[in-house]
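Asks: Chains as they are written, first to last, in this note's numbering: chain S, 2 to 402; chain F, 2 to 402.
Worth flagging that the hints you see were computed from the coordinates, not collected in a lab. Just to be clear, a hint being listed does not mean it is correct.
Note that identical chains are pooled: a pair holds if it fits in a single copy or bridges any two copies.
[To be verified] Here are the computed lysine-lysine pairs in the BS3-like style, where the Cα-Cα straight-line distance is at most 30 Å: (1) K216 / K378; (2) K261 / K301; (3) K336 / K231; (4) K231 / K288; (5) K18 / K343; (6) K231 / K216; (7) K231 / K343; (8) K333 / K378.
Note that this is a predicted model, so its numbers are computed, not measured.
2 protein chains.
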Amino acid sequence: MNNHSEWIVQAIETVGKTALRDTEYWRATYTPQDKDAVSVLNNYMKEAGMETYFDAVGNLFGRIPGRCSDTVLCGSHRDTVRQGGKYDGMLGILTAIRSVSSLNKELGQPEKSIEVVALCEEESSRFPTSYLGSRHICGLLKEEELLDLDDSGMSLGEAIRDAGYYYGQLSNGRTDITNFVELHIEQGGLMEYEKKQIGIVSAIVGLFTGEIVFKGQQNHAGTTPMRLRKDPVPVAAEFIYRLNLWAKKYQDNLVCTVGKIDRKPGNSNVICDDVSITFDIRSAEQKYLDEANTILNDLKKQLDEHVDIAIDITCNESPVSLDSDGIHILEKLVKEYDYSWKPMVSGAGHDSQIMAQKYKTNMIFVPSVNGISHSTKEFTKAEDIQAGCEIMKAFIKELAW
Amino acid sequence: MNNHSEWIVQAIETVGKTALRDTEYWRATYTPQDKDAVSVLNNYMKEAGMETYFDAVGNLFGRIPGRCSDTVLCGSHRDTVRQGGKYDGMLGILTAIRSVSSLNKELGQPEKSIEVVALCEEESSRFPTSYLGSRHICGLLKEEELLDLDDSGMSLGEAIRDAGYYYGQLSNGRTDITNFVELHIEQGGLMEYEKKQIGIVSAIVGLFTGEIVFKGQQNHAGTTPMRLRKDPVPVAAEFIYRLNLWAKKYQDNLVCTVGKIDRKPGNSNVICDDVSITFDIRSAEQKYLDEANTILNDLKKQLDEHVDIAIDITCNESPVSLDSDGIHILEKLVKEYDYSWKPMVSGAGHDSQIMAQKYKTNMIFVPSVNGISHSTKEFTKAEDIQAGCEIMKAFIKELAW
């Protein structure tokens with residue numbers, strides 16, 4: 002019963018097969034691929050002795066009732082991005098099923114009730130919204146979001162009904178949950194780089210993103226003297242250069258990415274009319290995100306002499322700290338089990354950041370080979386899955402038994 | 002007979018109508034639009050008392066035989082870019098016809114023969130090649146270029162034959178020509194900005210162009226620490242920033258443009274895999290183009306620590322000086338006529354840069370309103386056309402009568 006990874010790896014492959022849409026790996030919410038995965042997961046939960054049920058938006062729960070009304074919730078999301086992989090989300094669900102199943106067999110009825118959850122729509126895999134499942138559990142999903150449309154024009158409300166879930170009344174927020182625990186692949190290369198098996202997440206970064214448009218004046222590249230130009234390209238370049246210099250000062254305390262640069266018209270012999278860039282700045286500490294806002298405005302003031310600069314902020318989410326009691330327990334456990342480990346900040350968003358707003362929440366990371374995620378090449382080694390499951394199981398035992 | 006602009010403006014409108022292809026203004030070489038323009042120009046030349054003929058690639062010549070075998074050639078190109086205007090090229094042909102016609106009526110047979118030429122394919126309006134007509138006259142067109150294909154897959158050779166021109170033998174280069182004179186719109190805003198009617202061109206810039214690829218490594222924007230990134234965007238930004246700092250040092254001696262920036266994959270939350278940029282550097286002095294080459298390689302060496310940088314040079318043409326005797330005559334004439342004028346460097350390419358390799362060559366610029374060219378909005382004021390024609394006429398008189 003202690004070789005968890007064998008069962009989990011087999012289950013990963015079995016559930017993975019349900020995500021194939023034509024030639025693409027893509028499990029979008031409320032699609033046939035999602036229905037097939039739910040069916041497989043439902044069976045796994047029942048085999049583990051759980052009572053299963055769905056809530057109004059189609060989150061799948063497997064429950065082992067405890068002696069008191071408090072509930073420890075564990076799991077992750079079941080959707081994938083387009084051309085995604087088998088591990089992101091699903092490994093957290095399967096590890097939770099395995100841990101709870103194993104504890105139940107070993108120890109019988111828990112003190113607190115335990116639920117494993119397979120959450121829907123974390124990735125914006127079909128609808129513009131994300132964290133749909135966790136937001137519903139927390140009572141943060143708004144009725145008007147049910148009007149959001151997918152690419153085919155079907156509303157979220159229709160899709161939920163169409164998939165057979167009831168949505169006449171959204172949850173006001175569950176009050177029985179005391180803890181949420183999520184295991185997830187790292188989605189970065191840091192653990193592999195530092196040869197660590199377990200990451201204990203202290204915080205999920207805040208996100209400060211947006212677009213900057215540099216509006217110049219299109220002109221002939223050969224006949225417009227340097228002094229008469231309103232060329233947005235060197236201005237955007239200096240902006241990016243200086244922003245990056247600022248970001249590098251703080252090294253591991255933040256990340257700063259310009260991932261998209263567009264320009265019009267984009268002919269080699271024409272001075273651009275405008276350039277637009279995106280910025281994506283993340284930090285576990287609010288003070289760095291505040292400073293990012295300041296630095297963007299300072300750069301705008303310094304560089305807008307010949308070119309208009311407009312900054313549009315599209316997301317400004319604060320960092321979320323995870324439960325410190327849970328972190329202490331996890332630290333104690335990894336030392337007991339003698340796993341190599343490191344405290345981590347999650348640079349990616351997770352359902353845990355929603356859950357943490359209502360419930361004591363903790364996350365366990367396991368490494369992704371080559372740091373790859375959101376790709377069909379996602380892979381986590383069996384030995385790391387085993388380590389993750391041992392810690393998950395031990396942690397749930399501490400919380401619920 | 003001295004109101005030249007009235008006839009020229011009317012002729013500009015008449016020839017202009019021949020360039021309409023569906024709803025687009027576009028006179029590509031050897032098309033029905035080109036044939037219609039040739040027909041109108043042929044009539045104008047005959048009305049002006051010229052003998053007309055075509056050479057093997059379809060350059061249209063109007064000739065007034067002089068007393069000796071030397072020939073003064075004047076004119077410009079008759080093709081336009083797609084969505085081009087009525088003035089670029091055509092104004093030079095019509096001004097030449099008008100000047101020669103006027104001189105012929107006033108002064109009778111010239112000492113040297115005079116030819117007006119309506120050159121084909123300067124703009125790469127249909128075939129990848131440019132300066133086709135002038136290169137043929139100079140004997141620089143190579144047989145193998147006749148195999149070049151247009152977008153429909155027709156070869157240049159076929160298109161020339163199809164348009165009714167003979168191409169069994171290309172010119173080895175005419176030896177009777179002593180001078181070439183071309184009037185052209187400025188294609189920039191400098192003359193208008195400085196309120197000048199006539200530009201006397203001293204040189205046509207050399208062109209140093211190419212592409213630079215910055216190859217990094219795609220990764221997650223949230224989970225990859227700054228120190229583990231191979232992000233090509235800040236490197237490309239610093240490259241552009243420093244290149245522009247260098248270029249601005251020399252102000253009016255060169256221009257430097259990054260007109261195209263592409264990136265893959267271009268998602269706001271993904272570190273780019275690669276960035277490619279174009280560079281377009283022009284100067285009338287070779288030393289600046291040589292220095293440009295050095296600075297690109299220096300920047301590559303300074304910045305390729307985490308990202309591979311590859312520089313691909315696509316064009317490295319030397320600057321061309323125009324005929325200094327001609328420049329002195331032109332300067333004397335603008336002073337006599339009391340036109341506001343300035344010495345100029347042409348930042349754009351012209352047939353004159355080809356002709357100057359074989360014959361004494363000079364160029365006269367007239368202003369474009371708002372510096373616009375390669376656009377249906379091209380416009381030059383009648384008073385500036387009149388001034389340009391007066392100088393052209395006086396200059397041809399000095400050269401040929």
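Asks: None of the hints should be skipped; say for each whether it holds.
Replies: Against the structure, the hints:
no.	hint	verdict
1	K216 / K378	between (40 Å within a copy, 21 Å between copies)
2	K261 / K301	both (18 Å within a copy, 23 Å between copies)
3	K336 / K231	neither (60 Å within a copy, 34 Å between copies)
4	K231 / K288	between (35 Å within a copy, 26 Å between copies)
5	K18 / K343	neither (33 Å within a copy, 74 Å between copies)
6	K231 / K216	both (8 Å within a copy, 29 Å between copies)
7	K231 / K343	between (49 Å within a copy, 23 Å between copies)
8	K333 / K378	neither (33 Å within a copy, 75 Å between copies)
Going down the numbered hints, you'll see the structure goes against 3, 5, 8, while the others check out.
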